[in-house]
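Trainee: Going down the list, the sequences are from chains A and B. Per the working numbering, the very first residue in the first sequence carries number 177; after that it's consecutive. Per the working numbering, the very first residue in the second sequence carries number 177; after that it's consecutive.
Keep in mind that the hints were calculated from the coordinates and are not lab data. Each residue gets a CB set at the ideal place from its N, CA and C atoms; glycine is no exception. There may be inaccurate statements among the hints.
What the hints assert, rightly or not - Taking lysine to aspartate or glutamate and the EDC-like style, the derived pairs with C-alpha atoms no more than 20 Å apart in a straight line are:
(1) B:204 - A:541
(2) A:503 - B:449
(3) A:503 - B:465
(4) B:211 - A:572
(5) A:517 - A:541
(6) B:517 - A:287
(7) B:612 - B:359
(8) B:204 - A:449
(9) A:336 - A:360
(10) A:211 - B:376
(11) B:503 - A:572
(12) B:503 - A:376
(13) B:503 - A:449
(14) A:180 - A:376
(15) A:416 - A:389
(16) A:517 - B:572
(17) A:453 - A:504
(18) A:517 - B:286
(19) A:204 - B:461
(20) B:503 - A:446
(21) A:503 - B:446
(22) A:204 - B:572
(23) A:607 - A:639
(24) B:517 - A:333
(25) B:180 - B:376
(26) A:589 - A:639
(27) A:503 - B:461
(28) A:588 - A:550
(29) B:517 - B:541
Stated by the list, open to error - Okay, the calculated bits of chain A under chain B, using three or more residues with CB under 8 Å as the criterion:
(30) 233-240
(31) 323-333
(32) 566-576
(33) 585-599
Number of protein chains: 2
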Amino acid sequence: MPDKLSGIDAMFNARSVAVVGASGNEGKLGFHVMKSLIQGRYSGSIFPINPGKREILGLRSYSSLIHVPSMVDLCVISLPSGLVPGIIRNCAEKDVKGIVLITAGFREIEDESGGRLQDEIMYIADEAGIPVIGPNTFGIVNLHARLNASFTPEFSDIRKGGISLLSQSGGMSHLMGFLSMRDDFGFSKIVGLGNRCNIDFTDMIPYLMRDPDTQVIALYVEGIDNPRRLFEVARGFMGKKPIIAYKVGLSAISDLASKSHTGSLAGRREIYEGAFKQAGILTVESSLELLDTAKALSSSPLPEGCAVAVLSGQAGPAMAACDICEKEGLRIIPFSEKTQKRIDNLLPPMAIRINPVDMGPAWYDSRAIRGIVESVLQDKAIDAILLCVMFASANEGSIRALSGLLTQWGRKKPIVCCFSSPPGIWGEEVKSLVEKGSIVNYATPEKAAKSLSALWKYKRIRESAQGG
Amino acid sequence: MPDKLSGIDAMFNARSVAVVGASGNEGKLGFHVMKSLIQGRYSGSIFPINPGKREILGLRSYSSLIHVPSMVDLCVISLPSGLVPGIIRNCAEKDVKGIVLITAGFREIEDESGGRLQDEIMYIADEAGIPVIGPNTFGIVNLHARLNASFTPEFSDIRKGGISLLSQSGGMSHLMGFLSMRDDFGFSKIVGLGNRCNIDFTDMIPYLMRDPDTQVIALYVEGIDNPRRLFEVARGFMGKKPIIAYKVGLSAISDLASKSHTGSLAGRREIYEGAFKQAGILTVESSLELLDTAKALSSSPLPEGCAVAVLSGQAGPAMAACDICEKEGLRIIPFSEKTQKRIDNLLPPMAIRINPVDMGPAWYDSRAIRGIVESVLQDKAIDAILLCVMFASANEGSIRALSGLLTQWGRKKPIVCCFSSPPGIWGEEVKSLVEKGSIVNYATPEKAAKSLSALWKYKRIRESAQGG
């Protein structure tokens, strides 16, 4: 039986894809899957399978998977559930490497025939050693391979990046994909686990840990079939790459909705949080926080320690950031004497010149701002910088004045920013700094502070893994 | 001595504005203030004051405020601090109705001369009965009057709406203004209170309570000079219009930064939260939450009770929303028998047909979706609807199918949504529903749920105010 990991790899880097249930009819999911592959400019071969057609969307169509004249690495299935077992048998015969099973109507339906059907396909797939993602999934996307094997063509427009998302919900995957487009950050892989036939979190995590295109693993979790196994697997990779989890279904009503057993509510939340922590998994409280945290961990260096300098163009954002830093275990420490002296020379006699620094009074003097930021970057006692800059008509040039410095230092110390401006202003400058990996940028100072604290939390996870 | 409230009103609806320190030089704030007024298409008269110029940005300039040939309602001052007392005397002589004092260098500087200077200008202004906003403010904006009396011309591009922001930080005001542009919602007034000479929260709240263009008052608070007075004023207006506060400076370090007295940390947070609650002020934890909450309260009807229906195109977003609803005191109750029967007829036999409803299985059937939403809207036991819809290529028409229904019901029951889609898709449909006041829309299901809970919290505040 082939190795599961190599099957998953063959699937995500498929050289050829067959779509069983391909269609030219917009009302069918098989149409949208075809569109995803074609519009996503997938470079491998695409084989539509549909017994009633000779051509679909301009591509030669085959009446059966068996008749495809060459190898098929990945088979995407979108057909009524009753037909699925036969197709999986075809896949085994054809030596397909992996399956994405979009079809719903298995374990999740009220009628017990769904569960039986799922057992049947699992048996056939396991016998043949074929990994099956789904059933009841929207599909998988590998942006580095330009492979969009999902029913949502728009996923192809997501930027290529280092975050891989494993999700039990298609809706949440769509949400996070769309949010990434709006905020312009990238994904590596987006995987809808669906009802988890023979591929679960515990199978995908080892694969993503090896995957060179994945820097961070983000999990959206509803119910966990075998929590102990998940925590064991995660613990085994502790400190290798960050894993971040957003767990829902902690309320009584959504627990009921996920058909899980209802236990004591507060207890369950605590139990989960404790277990995630022990396994070295960072936890977050919302879909946006999952993305914010993943963004920082996928592109920023880690801080050596928890000493943070808060530098702000205005006092308010600095205070909001400090509140979060302190709550999350970061320390706003005094600068070295040398650094403080340099700052004192650059700022007029205003109150807030110690850490946090309100650079407001020097805000129209780019040379002074540059000097302050530089002296703090050079201060060896400072492990990370939180930089907040709100655009004003009179400080328009400040980001240009800082960009050389940020580029020079951004790979050495974490520089987490909130550069905020009206649409159409500063967008290109910020984008360029983000793409170079010099800074991570957030919509608010609070998000910047929270994400910086996640960098420090992961640094401690890594240290404890290396220490053990 | 004239009434303070009428002075504030004359200021925010000024028929004429003088800019003392107006300049044609981009390096001066007086240039940017002029640009704000001109580019913002202010319809009143603008009088630049600068002894060295005869014309500034195409407008006739005067050597002194005294020489302006007509009435001046609002005087914006951007001059070195030492010159300010003389200008305030000119304002008194000229019978100016209100002053925006942008100049910094008063109470906030280390040198005690700043405090003395602030006492002096306060004395002159109080004697003359002139309200002074500032010093050390970016200015004020009244979007309904097209009055941008600030040093940030871009504020004129913010949409007109029902939220008025009173802020102790220029940086935070800029941040929130820019966020509103990105998310396309509107403000009524944005007020930078600065160092609060003779106008503080307690003066502005009564004015905004009377102001027909203000539906919600949002406060960004650092330190409060006289907390007891603030809470008394707010309590006096309890239930009239919502007041929402974001208080920073609760950590030891940011407390130090705001030069306030450092007390017991947890105690202070609790004391503040208790006091805000007793005064009927809603509190939030971040700048984004301040805006999210204000957005809902400025445009949605309030729910009659706490019974919420969660309807979602996909199960995941529903579960995330339910977690928040339950935590925040909303109730996800069973539907009436009639409603449940109608839903059962519209959905295939899948598990999640009770509240919350996963409409996924019917997601490509607009008629079914419409039927489900309609039956829930008609269910008298349901006080509010939380509707989550993630775009997929195959459900593109769903929002169009729902829009008539949402328009019909949106002013009767709160319909709080998370319609999420790639940029360029659904934008116009969502915008149209939002502008009609039919729905409030959020970037995530969690934000939608949190904001809906704020509607219910405010409903209870209003009830308790009416009950007392």
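Trainee: State for each hint whether it applies.
Mentor: Okay, the hints, checked on the actual structure:
no., hint, result
1, B:204 - A:541, "holds, 12 Å"
2, A:503 - B:449, "holds, 17 Å"
3, A:503 - B:465, "holds, 18 Å"
4, B:211 - A:572, "holds, 15 Å"
5, A:517 - A:541, "holds, 18 Å"
6, B:517 - A:287, "holds, 18 Å"
7, B:612 - B:359, "holds, 16 Å"
8, B:204 - A:449, "violated, 53 Å"
9, A:336 - A:360, "holds, 10 Å"
10, A:211 - B:376, "violated, 59 Å"
11, B:503 - A:572, "violated, 43 Å"
12, B:503 - A:376, "violated, 29 Å"
13, B:503 - A:449, "holds, 17 Å"
14, A:180 - A:376, "holds, 12 Å"
15, A:416 - A:389, "holds, 14 Å"
16, A:517 - B:572, "violated, 60 Å"
17, A:453 - A:504, "holds, 15 Å"
18, A:517 - B:286, "holds, 16 Å"
19, A:204 - B:461, "violated, 45 Å"
20, B:503 - A:446, "holds, 15 Å"
21, A:503 - B:446, "holds, 15 Å"
22, A:204 - B:572, "holds, 13 Å"
23, A:607 - A:639, "violated, 32 Å"
24, B:517 - A:333, "violated, 41 Å"
25, B:180 - B:376, "holds, 12 Å"
26, A:589 - A:639, "holds, 17 Å"
27, A:503 - B:461, "holds, 12 Å"
28, A:588 - A:550, "holds, 13 Å"
29, B:517 - B:541, "holds, 18 Å"
30, 233-240, "violated (count 0)"
31, 323-333, "holds (count 5)"
32, 566-576, "holds (count 5)"
33, 585-599, "holds (count 5)"
Of the numbered hints given earlier, the model fails hints 8, 10, 11, 12, 16, 19, 23, 24 and 30; all others are met.
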